[in-house]
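So the protein sequences, as listed, match chains X and F.
Position 341, counted from 1, in the first sequence is what the numbering used here calls 341; the numbers after and before it change by one each time, with no gaps.
Position 382, counted from 1, in the second sequence is what the numbering used here calls 1382; the numbers after and before it change by one each time, with no gaps.
For the record, the hints were derived by calculation from the structure and aren't laboratory data.
Keep in mind the model is a prediction, meaning the values are calculated, not measured.
Be careful, since some hints might not be right.
So, partial list: chain X residues that the calculated Cβ filter (under 10 Å) puts toward chain F [as the list claims (entries may be wrong)]:
#	residue
1	Leu11
2	Gly49
3	Ile85
4	Asp196
5	Asn281
6	Phe443
7	Gly507
8	Ile578
9	Pro628
10	Ser649
11	Ile652
All C-beta atoms in this analysis are idealised placements derived from N, C-alpha and C, irrespective of residue type, glycine included.
Number of protein chains: 2
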Amino acid sequence: MEQIENKIYQLLEQLNKEQSQTLTEELKNILEPYKNGSIGLAQINPIVGNIEYNAQKVVKYIVEAQNLGLDLVVFPELILMGYPIEDTIDRHPIIVEENVKWLKEIAKITTTTTALVGFVEPRKYNCLTGKKYFNSVAILSEGKIKGIVRKSLLPTYSEFNDYRYIEPSPVVGMQPAETLGQFDEEMVQTCPKTIDINGKKYGISICEDCWNNKEFFNDTTLYSLDPIEELAKEKPDVFINCSASPTRAKKEQLKHNMLSFIAKKYSTPIIYVNQVGAIDNSSFDGSSRVFDKNGNLLARAKSFQEQFLIVNPEKGLGKVYPLTGGLEKTLTETKVYTLEYEPDLERTYKTIIQGIKDYFTKTGFKRAVLGLSGGLDSTICAVLLSDALGAENVFGISMPSKITSSESKSDAQILASNLGINFTEASIKDMVDTTTNCLNDLFSYVEKKWDGRYTKSFTQDNIQARSRAMFLWGISNEFGACLPIATSDKSELYMGYATINGDMSGGFAPIADVPKTKLFALARWLNANRKVKNAIPESVILKKPGAELAIDPKTGKPLIAEDALMPYEFLDEVIWRIENKKEHYYDMLNSEFLYEKSHYVSKEQKVEWLDKFYRRMSTALYKWSILPPSVIVDSRSINKYDYKQPITSSGINYKGLDEESISTKIKEFAHL
Amino acid sequence: MEQIENKIYQLLEQLNKEQSQTLTEELKNILEPYKNGSIGLAQINPIVGNIEYNAQKVVKYIVEAQNLGLDLVVFPELILMGYPIEDTIDRHPIIVEENVKWLKEIAKITTTTTALVGFVEPRKYNCLTGKKYFNSVAILSEGKIKGIVRKSLLPTYSEFNDYRYIEPSPVVGMQPAETLGQFDEEMVQTCPKTIDINGKKYGISICEDCWNNKEFFNDTTLYSLDPIEELAKEKPDVFINCSASPTRAKKEQLKHNMLSFIAKKYSTPIIYVNQVGAIDNSSFDGSSRVFDKNGNLLARAKSFQEQFLIVNPEKGLGKVYPLTGGLEKTLTETKVYTLEYEPDLERTYKTIIQGIKDYFTKTGFKRAVLGLSGGLDSTICAVLLSDALGAENVFGISMPSKITSSESKSDAQILASNLGINFTEASIKDMVDTTTNCLNDLFSYVEKKWDGRYTKSFTQDNIQARSRAMFLWGISNEFGACLPIATSDKSELYMGYATINGDMSGGFAPIADVPKTKLFALARWLNANRKVKNAIPESVILKKPGAELAIDPKTGKPLIAEDALMPYEFLDEVIWRIENKKEHYYDMLNSEFLYEKSHYVSKEQKVEWLDKFYRRMSTALYKWSILPPSVIVDSRSINKYDYKQPITSSGINYKGLDEESISTKIKEFAHL
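One chain only, chain X, in its complex shape:
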């Protein structure tokens, strides 16, 4: 069996390179015994809103499936439009009209090979209750739309906003083609939920529709309806789920277990086709898969790339590509904070690489310019950009000030040379001097009218960071298709330890969802696992992070970030506990941190760090709101499209008060 599968995929890959009648015929012959019930999974990478671009890919795989005589070809959720299109279609409804036109024309080229094509379905405009659109899948065959499946469960949390523009379908499974754009509940009741294709019954659902099994989720589910349970009542031969699900830490295990559980529970194979490619802040991993009726993995497509996979779940035809990009290692989950990042590093790498690549290509950029400080953040960014865009498309600029050490300068240069990226050095000394002089003059005027001039301000630090950004944006303006890169990391963004219009400014922020301790681990991993080993100088990994913007009066050396903030290992655990366990101040004060196992931390010290954390976090909210697009990598993030907190939420009591204190305060308020 494995031999046959390998042969099939060799031929398929060849076919993708050189369309040839001979190859097609050979493949068709091999597939003959699996013809009845054969299904193609077309895992493709769309551009949201660019229907022609997406349609071209859809048509390509429909034709391929037809040539091979498959029963069915399945595409990811909303594939004609790309997911998520968000409010775009509310303001530009012509895009929706277009996707229907394309759908109808695509239907005309279908044969006996059925195609499941996702599209945005506009609902009838007069006498309308609810949102204007359904998130639908059209069942196309023999030149026609044979039926429609509509999404019932609408994820509206994290990066998902389905309920902003989509109406949930009150019924699951297939509905008649005549209901296109004019859903009619009565008509629907008479229609079987499953569709019959060559004597096999298929139960089709869309993404979130299969994420609501009460048993699997221990009775804690987001919705009362379970579409899979409903479909199961008609005893389909195979479940199909058209999906667009981005990768995040810990998600892979959950997805695997859940799909396997469903297949086993209903003793029905399940086919899951996922979108691949990044859209702004979300990186979709593909990794489409098939479980047989015993819940065993029968097939899985590649991760982080387009692929066409052929399966027959009942006849056991399938090929399990390994989960690549490190996704397989995320199949075990830790419940406590640990610095053992290794299992998630390859996935982190691949997720960001795809994020960079797709952001650049889908917006028409091809080059990146970044400052190389010799520090960890810019070093990691340079490696990632080099791998995503090609070394020749990356320009690293070392921009020393008088504080910059010679080691930092040489580290930057060595890194650039190791990576083979373009490199030059440009001193910011003149910029800083001129700006400082101009500002000092200006401040002396302002001071005449305003009190409150800081004796120890960050002005001088920020002048340096902003001068550097000025250089990078200058290059972006002067040279075609070039974006400057924001190098801020997650730990420092939480603390607002980043300069507005400085290091946090850019066209894209590759590591904004990676905490510092993980970046150290990633540096080691990159040195060990990239083709060119040890591109990152050891000294970059060994030195204590610091912005090299100011001198520490105590040491006479550049200020170390951990002194200004708190130890990164402690900081990152605070972030982890809030994001993953939703702990509050006293939960953390009363738990032992990993850092405390190896370092003595007095109660006063811990209180100081925790207080500092919440104080700094509250004032960092504004910075989160103006951060450039960045790939969401972690299980939770502060990406503004994933997490929303009003900036004016000052004075939140993250510690909480007890009833008695509250009661006392209320009595005081009442006697005002």
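Based on these hints, arrange chain F on the given structure of chain X.
Chain F only, in chain X's frame:
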């Protein structure tokens, strides 16, 4: 009657200044005949998440209502938490625990005066289906929670994201207090939906719950359930709606007509209590109101300020404060594009003033610094800031370059002097020279590795804009509690005609939702209507807008924005048609624009402008995503919390294709 009402409000206002037993007794005596059925509307301005701050205000008005012997005191939606709290409570659930503790303690101080207090209600955690929270109102009296009302309809569009964190209540009206945190559908069925207070039946709903009358909205509604219709079945004496509804162009008329319609249709008075104050991008106008059973306006609170209003809708007690802030003028709506902005200018002004004031005070800032170019945008911003924060808290900096005309400089100075704001001049010449020199060196290195250097780049223009921002952020860093201001306007943001890290950078963007033609009208309005007349020099209004960043080679004078873009009158109509009528390219090409009535525009010219519009808009999406917070003013906006379009949505066909072209393309794709 009017005399009594005036007396009541004189006493109430006095009471707010000096709490006195004598005043309270006098007021109580006047209110005696209206005692049965008397209701206080407490229109207050919360800080989201700051429960103690909000609770203090709630307690104040509960005690006031008790002292006056009112039957009932009503607060806006979610008042203990502030609306909208968004994802904050998902990450920091202790805030929700806190608001329940505060609620329970507040309940203990209640007497026979019932209080309706909005709060976030956590749902029972085990065996939970749906979101973790309800958006609820507690009915507090005689030391206890007497019942709970839960929101059923969850706005999830524009700036509203209720369904991200709130579960819709399947039943409307009152539910037993015992269901707090553990909603039980069976228990609920036995409970009357209305609540009896002193022999009167009240039907309580929350915000969106009253926005779904099928008849009023011509059978096009967002939800199938109509909570008001359900409540009406129990024939309440009075409807009450606790609300948090921000002001937007055209919304006032709709709200007025809808509330009046409901009162009349059910022959039942309706009391609507609205939040006041701004939260980040949304400005809530208050203007709480009461309609009698005939649909006539009986009472209305002030707009844009906190107020305590006392009514008795059945006995005809109520005071109609005029809709202030220009809201009353928005009661007529235009269906075609017009330059007659006058009716909406005062509302625009008040909405922004409140937006600035609350953003600054709620985040702890008090001063603003901005560049004064002598142009319209910075001029209007200076006036608004001066009025919102006080002239002494505003610093205008004229930052001339070699391109800046002497008229621009003097206009800036005259404006500052007219406003009484702080002012100084600081040349950017040295900054620009140094930056230009440094960049030219740098470019010569980059050029060795990269082709594609622009011969006519915007680098030089942007250096100027960024040097200015460098000055402003420097002042913000050096002087306490000071924010720099982004002066970009809506027309130019649509066109991406704004410099990243330059004029579009700042802590707040006051006019980001005001198109240019409206700014001209606003300038005239400000000159006519502010206490100090004609603060804006006539020359500022008369001159053609331009960034003064580059010289037009054709004229030898600074480049005019309209030459780089298109006439603002045309541009603003394109924006208006897209936002308000959702028109597409050909709709607009085939319609006569207002501009075309007074100017000859060839077909080629119109095509060129429309093409330019869509091309520039597509590349402006990134800028929208990093714009600082700004007040949403218009009926539709590009504020990222109001409108979401992926940046990677390149290649959208805003023109659309006909079926034949699509069919041809598909055939081509199929024969690849």
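Verification of the hints:
no., hint, result
1, Leu11, "violated (18 Å)"
2, Gly49, "holds (4 Å)"
3, Ile85, "holds (7 Å)"
4, Asp196, "violated (26 Å)"
5, Asn281, "holds (9 Å)"
6, Phe443, "holds (6 Å)"
7, Gly507, "holds (7 Å)"
8, Ile578, "holds (6 Å)"
9, Pro628, "holds (6 Å)"
10, Ser649, "holds (4 Å)"
11, Ile652, "holds (4 Å)"
When the structure is compared with the earlier hints, violations turn up for hints 1, 4 and for no others.
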